[in-house]
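Chemist: In case you want the letters, here they are:
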Amino acid sequence: MNLSNAVTNLLNSTGIVNLQIGQAIMICVGLVLLFLAIKKDFEPLLLIPIGFGGILANIPVAEMAGPQGFLGQIYNVGINSGVFPLIIFIGVGAMTDFGPLIANPKTSLLGGAAQLGIFGTLMGALALSQYVPGVNFSIKDAASIGIIGGADGPTAIFLSSRLSPHLLGAIAVAAYSYMALVPIIQPPIMRLLTTEKEKRIQMVQLRHVSKREKIFFPLLVLLLCALLLPDAAPLMGALCFGNLLKESGVVERLSKTAANELINITTIFLGLTVGSKLSADKFLRGETLGILLLGLIAFCVGTAGGVLLGKLMNKFSKTPINPLIGAAGVSAVPMSARVVNKVGREYNPDNYLLMHAMGPNVSGVIGSAVAAGVLLALLK
Amino acid sequence: MNLSNAVTNLLNSTGIVNLQIGQAIMICVGLVLLFLAIKKDFEPLLLIPIGFGGILANIPVAEMAGPQGFLGQIYNVGINSGVFPLIIFIGVGAMTDFGPLIANPKTSLLGGAAQLGIFGTLMGALALSQYVPGVNFSIKDAASIGIIGGADGPTAIFLSSRLSPHLLGAIAVAAYSYMALVPIIQPPIMRLLTTEKEKRIQMVQLRHVSKREKIFFPLLVLLLCALLLPDAAPLMGALCFGNLLKESGVVERLSKTAANELINITTIFLGLTVGSKLSADKFLRGETLGILLLGLIAFCVGTAGGVLLGKLMNKFSKTPINPLIGAAGVSAVPMSARVVNKVGREYNPDNYLLMHAMGPNVSGVIGSAVAAGVLLALLK
Amino acid sequence: MNLSNAVTNLLNSTGIVNLQIGQAIMICVGLVLLFLAIKKDFEPLLLIPIGFGGILANIPVAEMAGPQGFLGQIYNVGINSGVFPLIIFIGVGAMTDFGPLIANPKTSLLGGAAQLGIFGTLMGALALSQYVPGVNFSIKDAASIGIIGGADGPTAIFLSSRLSPHLLGAIAVAAYSYMALVPIIQPPIMRLLTTEKEKRIQMVQLRHVSKREKIFFPLLVLLLCALLLPDAAPLMGALCFGNLLKESGVVERLSKTAANELINITTIFLGLTVGSKLSADKFLRGETLGILLLGLIAFCVGTAGGVLLGKLMNKFSKTPINPLIGAAGVSAVPMSARVVNKVGREYNPDNYLLMHAMGPNVSGVIGSAVAAGVLLALLK
Amino acid sequence: MLFQGLILMVAGMGVVFVFLVIMILMMNLLAVLMKPLARIIPEPEEKKVVKAKKAPIEDHEDIAVAIAAVNSFSK
Amino acid sequence: MLFQGLILMVAGMGVVFVFLVIMILMMNLLAVLMKPLARIIPEPEEKKVVKAKKAPIEDHEDIAVAIAAVNSFSK
Amino acid sequence: MLFQGLILMVAGMGVVFVFLVIMILMMNLLAVLMKPLARIIPEPEEKKVVKAKKAPIEDHEDIAVAIAAVNSFSK
Ligand code: NA
Ligand code: NA
Ligand code: NA
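Chains as they are written, first to last, in the numbering used here: chain Z, 52 to 431; chain R, 52 to 431; chain L, 52 to 431; chain F, 89 to 163; chain W, 89 to 163; chain B, 89 to 163.
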């Protein structure tokens with residue numbers, strides 16, 4: 052090695068020499084995600100790590116997302132194994148109060164109707180595959196794309212890491228981006244599908260839910276899942292475990308840790324490694340546009356499904372049901388419940404729908420996990 | 052795939068179709084553990100994760116405890132490797148004050164006598180093997196069962212993961228259950244073995260222990276262990292490391308983290324994965340009844356051993372020793388020390404034995420680790 | 052097995068029988084490190100775990116640092132993979148304020164000059180190899196030794212785990228020990244190389260740095276690194292990621308966790324496992340003395356480099372620059388900046404140089420990462 | 089393929105609703121069963137809330153004596 | 089080998105300074121660009137500081153109603 | 089096998105007591121050695137307690153100036 056040698060080697064190892072155009076574009080995509088997260092407050096907890104992971108993965112030479120790179124290694128340990136999304140779900144369970152759902156069980160159907168977004172999008176992806184040349188989604192890919200409509204990040208990441216790892220980056224980005232767009236996507240659909248009178252419906256105060264019911268609830272859901280759809284049991288089990296830690300009231304130190312440090316640490320690494328799947332060859336394709344478009348449709352269809360079932364249920368229910376709360380069935384906890392509350396108050400300033408919307412909201416999480424279980428059972 | 056096909060596949064993947072009777076029973080066992088933990092306050096920090104892990108592992112189809120399941124994978128990383136129980140011991144060390152032991156060193160012998168429970172039970176397991184048809188414990192199994200008498204969860208899990216992984220679930224369940232039963236198991240034995248006069252003995256106030264002594268103590272114990280019984284060094288090293296973090300006084304951020312977030316996170320995963328070893332084919336055997344029975348005997352023998360040595364020491368000691376504190380030698384920190392205090396005050400309301408019982412209590416932890424080291428040295 | 056057999060086996064497994072002289076010496080080295088950490092306050096956050104890990108690794112029979120031992124297993128997962136030092140850097144980024152650097156960009160050159168310590172020491176190591184018989188450092192070893200002069204623990208551990216794993220223990224010990232000695236090593240050099248007048252120079256108040264600049268800064272540094280020197284991108288990326296979490300202001304729960312629990316947990320295991328590389332056959336060689344000597348020289352040369360460039364810059368700068376702040380360019384954040392402040396006030400009690408020294412101080416971290424990148428690019 | 093998607097949709101939405109309907113039934117049953125259960129085993133609601141707030145180690149009067157020595161993990 | 093060390097030193101110190109000099113230029117450029125940028129898109133400095141202090145979930149007036157039900161993670 | 093168990097018991101209880109007896113001797117020796125040691129190197133007991141309470145970064149008077157810039161990890 053002499054000096055000119057060394058300089059040549061250094062020049063040959065610079066990013067300027069090695070940067071491919073695809074990498075450059077993907078770095079810009081990462082920067083856009085960071086901009087949306089920081090400036091536009093788009094799900095920053097996830098999109099900052101995802102965006103940054105995308106940038107790191109596209110830095111030439113370093114190969115951080117490769118099998119020897121640190122992101123690649125964490126990906127194998129945490130995402131390939133399915134462990135990270137499940138840990139997130141433990142934390143989510145430890146933060147979720149199922150009280151509003153237990154107080155008014157029938158509203159959980161609204162969280163079922165909103166899953167129409169998942170399956171509608173699945174069909175959309177297949178249609179796109181069939182009619183648009185160059186787009187070629189397998190049925191597994193279509194299912195992974197559909198799950199964006201579930202509006203549940205961990206569920207989407209868990210399912211697509213199982214069925215379509217090559218689409219994971221795009222799907223996670225779409226899922227979290229559209230969740231962030233809930234306040235923009237949902238209100239027009241909600242306004243369009245409901246009458247003035249429906250929008251003003253006030254619902255009866257929720258009954259008190261006892262501590263004991265809250266303890267039984269996660270166990271009942273888990274047992275139901277075990278009997279009906281064990282393929283959903285990892286997701287549902289993690290959610291119920293976290294919730295039982297919280298509601299049991301005797302292991303506060305565990306539930307606090309699950310809802311804070313554990314979920315935070317996992318979020319950092321889940322975000323970085325999911326972002327590290329934003330490689331140019333996987334993301335810069337026509338298909339990604341398709342995924343983004345379909346994801347948008349998924350949210351719209353899900354919202355419409357929830358609202359329409361709300362209208363129907365209001366017709367037949369003894370106590371009045373404001374169909375707006377159906378929109379919260381997509382999950383995106385707690386954002387879509389807040390959107391419902393806001394839209395409701397626009398038409399009736401004394402109408403606080405938030406707690407009523409939390410029922411469909413959390414049942415939407417359960418509904419998406421069930422839908423993911425069905426897809427796993429039939430396609431894995 | 053047509054619709055009837057899909058429905059058939061879904062039906063064939065339900066838990067109803069696939070549930071084996073053994074799995075159903077084990078799920079009930081898990082529910083019983085949860086009931087004991089939540090309602091009866093039986094060591095909920097461990098028994099909630101263990102019980103829930105037991106339920107998850109016995110959900111059919113999902114195979115969460117299998118080599119590809121998330122519990123199975125965490126088990127391999129954390130228990131097979133021996134890492135989780137050692138991390139718990141680091142946290143335990145960071146929470147333990149050896150001051151009462153240093154102030155009255157001779158009481159540590161009581162923590163030795165209580166280890167009689169370990170070896171008595173080991174012999175009991177061998178006797179059961181020999182005389183009861185169908186029970187067939189190897190000597191390694193007998194040692195793992197004996198360690199239940201140590202009343203130290205991490206030690207029991209560490210040893211049995213090394214010697215008898217197939218018994219791990221039952222042993223962990225027995226260990227934590229009986230620890231929870233300490234307030235019920237110990238008092239009758241303590242009352243039976245001591246005279247009225249002994250029960251009323253007041254002990255002299257403990258001397259002040261300097262910060263410096265507390266720093267030297269974990270290092271001395273570790274060096275002693277390194278010289279005499281290096282097989283106990285992983286357990287003892289983890290305990291002493293955590294304690295040194297605490298007592299050094301200069302790394303508060305590390306000792307706080309070890310005693311809180313780190314131990315909480317590890318407890319969640321240790322519990323879930325230990326529970327995932329509660330499979331029907333390993334647990335639903337006559338042997339498990341044997342293990343439960345022997346575990347109970349272990350606690351009784353250990354308690355008796357401690358109390359009897361206490362009586363003996365009181366005869367020869369210059370300062371009076373209340374034999375009741377011998378019961379705390381089984382460890383089960385700090386529960387058994389509290390039991391001692393309570394029983395003591397029943398007979399002499401002004402007699403606060405708590406601090407005096409903490410000496411044997413923490414020396415019981417050391418004693419169990421030493422016993423585990425001997426068993427590893429001779430049987431591994 | 053009969054009793055005499057058992058006793059023989061136990062005796063044969065004691066440390067007394069198996070302890071090799073090298074292990075005994077290394078245990079003493081570990082105790083010395085603990086003494087320095089606890090009593091002399093030498094970087095206790097790292098030196099307590101490193102010292103304790105060194106003791107554990109040298110306990111005979113237990114083989115905790117071996118491939119099946121718990122320290123060996125954690126080493127493979129955390130250090131071999133390069134993950135632990137990068138996590139530490141994420142936490143460091145989440146604790147670092149680059150404001151003083153952004154306010155006075157040109158002072159970052161001082162953090163470059165101090166890297167002379169790295170390359171000077173590299174040459175020293177090669178010279179030692181050439182002229183001292185028995186010392187035989189490869190060029191990779193020399194680079195790893197040189198990085199001690201970077202005064203950045205994670206950078207040193209990351210680089211030497213890549214280039215010279217067999218020297219990792221000695222290098223980490225030297226790096227953290229000399230960082231602790233900064234208040235003793237630096238002042239004489241600072242006093243020697245500056246005139247009375249220079250020492251009294253007061254610097255103009257730093258301008259206000261906007262939140263937005265602080266957000267852009269880590270992104271700019273990362274992009275620059277990606278274009279110029281992608282081999283430094285893992286280190287720089289981790290640092291910038293942590294800093295962006297902090298400065299973005301929208302993910303406080305993640306940045307708090309990164310700067311506290313995550314870095315604490317990682318520090319515990321990084322320290323223990325780095326310490327576990329303090330094996331007698333690697334450490335008790337003439338070469339280690341060479342490493343310690345060279346490490347000392349590295350710090351001196353780095354300090355001198357920073358101070359001398361400070362003198363030069365003061366000659367040509369429009370606003371006055373106190374050359375003392377050049378000493379902070381070695382990094383060792385924030386200790387060397389404090390040393391600068393203290394020395395400055397000795398000569399001019401109204402002169403608060405701390406904030407001015409923080410600029411070179413944090414740029415020294417960047418400079419060392421760049422230097423590590425160059426060494427990786429040319430030698431890996 | 090589109091047909092397969094349709095099947096997935098029918099099967100999927102079907103299972104989702106079957107699941108939720110049974111869940112609703114179970115919740116209703118649970119609410120009904122709570123009252124007799126509460127009569128047999130009264131729910132110690134308040135105690136639990138208080139307990140969750142206190143550290144688990146503080147529920148004996150003797151603890152002040154030994155606060156440094158005890159820990160809330162039983163080993 | 090000593091010669092190789094010299095090469096590493098020259099190359100290394102060279103790259104370090106090239107890196108830092110460009111970084112300085114970028115920081116100066118950044119400082120210059122901040123003013124026009126701040127005019128186009130005013131920096132919501134104070135709002136951000138306040139926001140960082142409050143939990144993210146507290147920025148709607150309706151939250152008190154539902155504090156137990158919501159969480160700051162969107163799932 | 090029962091005989092082997094007996095051997096394990098004898099050996100095990102023996103080692104446990106040997107270990108604890110030596111530990112007791114060491115603790116007694118330690119207590120004895122503390123006094124002369126404390127005379128040679130006085131124990132800074134109070135200082136340590138105070139220090140543990142303050143964050144490690146707060147032990148210089150100049151810190152208020154730079155609280156945002158410093159951190160307690162030396163890198
Ligand atoms: Na959903
Ligand atoms: Na014990
Ligand atoms: Na440096």
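Some clues are possibly wrong.
[Claimed, not checked] Just a few of them, taken from the derived set where beta-carbon distance is under 10 Å, the chain W residues facing chain L:
(1) 92
(2) 104
(3) 110
(4) 111
(5) 112
(6) 113
(7) 114
(8) 124
Don't read these hints as lab results, they were simulated from the structure. C-beta atoms are modelled at their ideal positions from N, C-alpha and C, and glycine is treated no differently.
Chemist: Hint by hint, note whether the structure agrees.
Modeler: Status of each hint after checking the structure:
1. 92: 6 Å, holds
2. 104: Holds, because the Cβ-Cβ distance from residue 104 of chain W to chain L comes to roughly 5 Å (cut-off 10 Å).
3. 110: It holds, given that the least Cβ distance between residue 110 of chain W and chain L is near 6 Å, below 10 Å.
4. 111: 6 Å, holds
5. 112: 4 Å, holds
6. 113: Holds, about 8 Å.
7. 114: Cβ of residue 114 of chain W sits 5 Å from chain L, so the hint holds.
8. 124: Given a least distance of 12 Å, the restraint on residue 124 of chain W is violated.
Comparing the model with each earlier hint shows a violation of hint 8 alone; every other hint is respected.
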